[in-house]
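Enquirer: Residue numbers (my numbering), protein chains in the order written: chain A, 1 to 148; chain B, 1001 to 1113.
Calculated from the structure, these hints are not laboratory results.
A portion of the hints provided could be inaccurate.
[Unchecked claim] With a Cα cut of at most 30 Å, we get these calculated DSBU-like pairs of lysine-lysine: (1) K30(A) to K1042(B); (2) K1113(B) to K1077(B); (3) K85(A) to K63(A); (4) K1083(B) to K1042(B); (5) K62(A) to K1083(B); (6) K1084(B) to K19(A); (7) K1084(B) to K30(A); (8) K1002(B) to K1093(B); (9) K63(A) to K1042(B); (10) K1101(B) to K103(A).
[Stated by the list, open to error] Footprint (simulated), chain A over chain B, 3 or more residues, beta carbon under 8 Å: (11) 1007-1019; (12) 1092-1100.
We treat Cβ as the ideally placed atom computed from N, Cα and C, and that holds for glycine.
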Amino acid sequence: MNATRVSYTLESSLESVNKAEQAARDIAVKTGFDEEEIDRIAMSVREATVNAVLHGNQYDPKKRVTIAFESTPESLSVAVRDEGKGLDPGIIPDPLAPENLLKQSGRGIFLIRAFMDEVRFRSMDPGTEITLIKRVRGNDPDGKEASK
Amino acid sequence: MKASTRQVDGIIIVDLSGRITLGEGSVVLRDTIRDVVAGGNKRILLNLGDVTYIDSSGIGELVSSFTSVRNQGGELKLLNLTKKVHDLLQITKLYTVFDIKDDEAQAVASFSK
């Protein structure tokens, strides 16, 4: 299996968020996703990186965000890791609940889950790693027809 | 992101273009709405036709603008959603919260007098 692996170690800044988004877009294009999927992957990586910079590392200049891409003909996997205090994905409020619908924040992880095929959280020491997986159409586990 | 304002029949139309994302885009939107409301205008139509990208922070800023204007007795409506923004508002169930228009003249006429 041919796999392309690229990783970045980035500062806890907004510039890193834009860099991560662009890197995700580039590698999603090379993996062979269509335009809509590329947008959704890029946005998911952006949201994960925003969480890492903002909530995880809290813009701490001493802390880094690591982003590791692994692209194969079947899928793209992106692991975004911060060095923060950790995150319990079980306590993330549902942004669709009526009491949360008009809140200003809290939609990032919801959008990631909506756009990617698989999302995993792992507690690190220190920090959190979120892994986002998108399968190239035709490689879904339920055996949908290949459309490429 | 760029924002410019114009007035049509007493309604302030804010034409937005570019990206509404964490950082610059969201701040431009927030400041623009604040200035418009501070100028005594509380009937606002946000034209998103040239918005190429919006992230969760941008969505949050739209919601915040909407509630802020409404809490001050005003109305804020959205105009000309691109497919990307439309899809995002549907996924986040905000499509039913906002009053969304696709024709400027009809949108302007729809505000309460």
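Enquirer: Hint by hint, say whether it matches the structure.
Expert: For each hint, the structure was consulted:
1. K30(A) to K1042(B): Distance of about 47 Å is beyond 30 Å: violated.
2. K1113(B) to K1077(B): holds (15 Å)
3. K85(A) to K63(A): holds (11 Å)
4. K1083(B) to K1042(B): holds (27 Å)
5. K62(A) to K1083(B): With a Cα-Cα distance of about 40 Å, the restraint between K62(A) and K1083(B) is violated, given a limit of 30 Å.
6. K1084(B) to K19(A): With Cα atoms ~21 Å apart, K1084(B) and K19(A) stay inside 30 Å; holds.
7. K1084(B) to K30(A): holds (22 Å)
8. K1002(B) to K1093(B): holds (26 Å)
9. K63(A) to K1042(B): Distance of about 43 Å is beyond 30 Å: violated.
10. K1101(B) to K103(A): Satisfied, since the Cα-Cα distance of roughly 23 Å is no more than 30 Å.
11. 1007-1019: violated (count 0)
12. 1092-1100: holds (count 4)
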